[in-house]
Amino acid sequence: MSLTNLLRIAWQALRRNVTRSILTMLGIIIGVGAVITSMAIGSGAQAAVLAQIESLGANLLVVVPGAITTGGISLGSGSRTTLKLPDVAAIAQTVPDAAGAAPYSQTSAQVVAGGTNWYTVVGGTTPSYTTVRSWSVAQGRFLSQAEVDQAAKVAVLGNTVAQNLFPSGGAVGATVVIKNVPFKVIGVLLAKGQSGFGRDQDDVVMVPITTLLDRLTGQTWVNTIFVSATTPETVPAVVDATERLLRLRHHLTASQPDDFSIRNIADVQQVRLATSQTQALLLAGIAVVSLIVGGIGIMNIMLVSVTERTREIGLRMAVGARGRDILLQFLVEALTLACVGGLIGIAIGLGTAQGTSALGHWPVLVSPFSIVLGFVSSLLVGVVFGFYPAQRAAALDPIVALRYE
Amino acid sequence: MTGDSTTAVYAPAQASDRSRAGGGDPLIEVHDLTKVYGEGAMAVHALRGVSLVVRPGEFVAIMGPSGSGKSTFMHLLGCLDHPTSGSYRLAGQEVSRLSRDDLAAVRNRRIGFVFQSFNLLARTTAQENVELPLLYGSVPREARVRRAQELLQQVGLGDRLGFRPSELSGGQQQRVAIARALANGAPLLMADEPTGNLDSASSAEIMTLFRHLNRNEGITVIVVTHDVNIAAWSERVVTFKDGLIVDDRPSAEAVPLAAREAATRAASEEVRA
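Order-wise, the sequence lines are chains A and B.
Taking my numbering, I'd label the letters of the first sequence as residues 1 to 405.
Taking my numbering, I'd label the letters of the second sequence as residues 1 to 273.
One or more hints might be untrue.
[To be verified] From the structure, some residues in chain B lie toward chain A, with a derived Cβ separation under 7 Å:
{"no.": "1", "residue": "Tyr37"}
{"no.": "2", "residue": "Asp81"}
{"no.": "3", "residue": "Leu132"}
Simulated from the structure, these hints should not be mistaken for laboratory data.
We put the CB at the ideal spot given by N, CA and C, even for glycine.
Whole structure, please, built from the sequences with the hints as guidance.
Right, dumping it as structure tokens:
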């Protein structure tokens with residue numbers, strides 16, 4: 001019996017009971033749809049996390065002051081005042097494999113431009129900030145070293161701030177007033193979007209660190225030092241070298257703990273990446289379970305079908321069908337069910353992925369691999385769960401089958 | 001065309017040897033056939049040693065009460081089952097020890113079945129039903145369609161090719177089944193109570209068709225029946241009882257004259273109609 005004939009027989013058999021065929025396929029449709037959707041959401045989430053790691057800056061380390069503990073009361077991380085500007089320069093110059101180091105301190109303030117104003121974060125830093133955080137300007141330029149040295153009254157606006165203060169453009173060259181100090185706007189940063197934690201990174205104004213400390217906060221220490229390593233592999237070495245350097249500079253003896261802490265942001269993001277991978281695995285697990293349930297559905301209906309068509313099987317055997325012909329007939333029928341179900345499932349999976357992205361604003365990424373995987377797994381389910389009923393049909397005794405009522 | 005194997009399969013079975021007395025090699029040669037179901041004390045001896053020779057072109061009726069072993073014998077003759085012991089040569093080939101698949105091939109090439117309940121595939125056209133044995137005989141599509149149409153023409157259903165069983169009368173359904181039985185050019189037709197589900201008019205129609213196929217196409221026909229009026233159409237009546245053949249003689253002796261006359265009358269009416 002040729003494959004064409006087998007397919008034709010299977011197709012006719014399935015068309016005889018369309019409702020039942022569709023209900024049988026439902027499990028496979030849902031299973032394959034779930035495979036496609038879960039993989040699209042999983043890889044979308046991973047791509048988003050990777051993009052966030054990129055946006056943080058390459059191989060970024062964050063040095064923050066340690067906690068003050070007096071009389072048994074700890075004031076929490078960042079409360080010490082030991083990180084100073086010369087520490088930043090020392091790290092940049094002496095730590096091998098450090099691509100750059102930039103201080104960062106911030107305060108909140110009302111920023112006024114002519115008739116409009118905006119409450120935002122004012123951050124102070126140095127020119128290295130652009131390389132360390134992989135951030136550049138959209139218009140104008142960033143702070144220069146000379147402006148930092150002179151504590152110049154210049155500012156670079158984040159995209160959100162520029163949009164709100166200068167809705168019709170013309171930010172560069174204008175003057176903004178922060179805490180009664182006029183600043184000349186020299187640039188606007190590229191839009192960076194939300195941080196991994198939902199904060200708008202563009203809602204910021206950047207000024208020279210020296211200007212911030214001298215004129216806006218009156219502090220003599222910095223809140224944060226961003227250090228970037230040259231490559232992901234050198235990150236641990238940079239952590240060690242920075243720690244040793246700062247201990248030396250802060251005159252800590254061997255018995256004293258660090259008065260600062262170094263956080264590897266990439267590590268945090270790696271954890272998030274692993275989490276999203278776990279989520280994707282979980283979804284894939286659900287998809288596998290529904291595929292198995294779908295397969296059991298096919299097996300059930302094929303068993304019913306074999307029983308219902310016992311006389312037909314007997315007749316086919318009487319006119320010359322061999323066991324193999326009957327086996328193939330029912331196997332092809334199960335495969336056709338699984339295959340058509342798989343194709344519908346792929347269509348529905350793609351639709352659901354698009355819908356999720358459009359309605360839920362979730363990042364989704366459909367890979368051709370997931371489509372192939374969905375289709376292959378539906379075929380596999382068809383073969384695995386179609387085999388037993390087909391074998392039962394093939395093993396029937398023609399006499400018993402012909403007499404079956 | 002003539003050299004191609006499929007044509008050979010279609011060729012009507014060996015031209016009938018009208019002079020039946022001793023003419024031609026036997027089509028069926030059964031020797032001391034037994035069939036036992038179950039084992040030990042539970043064993044049922046359905047056949048206890050049956051021998052029978054049927055020559056090509058014979059029209060045989062097999063009779064006997066239920067439980068006499070005639071159905072079991074029919075299954076063995078039809079290559080649907082293996083005997084417990086004994087030999088069975090069909091067209092010169094020993095088939096009693098063949099594998100399941102080889103038996104299927106023998107059924108496909110040498111035997112056409114006609115059942116009491118027609119056993120047509122529902123929701124499948126008459127033509128496709130007739131094509132079924134050809135499908136398993138791997139006959140190419142075009143030849144299959146041509147052969148099926150020819151056969152339906154031959155049984156008088158040339159205008160019903162696309163009809164489904166539910167759209168045909170009982171007699172018409174049985175004629176489709178006969179066309180199907182003839183599809184692979186089998187020399188042997190086996191019918192199990194072929195008129196059991198038909199009224200007397202349709203019965204006469206079907207038996208006339210069998211007689212026609214037997215006399216004009218040289219096809220050997222074996223009919224299992226408990227109805228003497230059906231046996232009247234045959235030329236030889238074999239009677240079973242308790243797993244043995246107890247009687248085997250020409251129908252002229254086995255069947256009452258009235259039944260034979262009724263058959264002849266019905267046949268001539270069918271031919272006129």
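Here is what the structure says about each hint:
1. Hint status for B:Tyr37 relative to chain A: violated, with the closest Cβ pair at about 11 Å, above 7 Å.
2. Among the interface hints, the one on B:Asp81 holds; its C-beta lies about 6 Å from the nearest C-beta in chain A, closer than the 7 Å criterion.
3. For B:Leu132, the interface hint holds, the least distance from its beta-carbon to any beta-carbon of chain A being 5 Å, beneath 7 Å.
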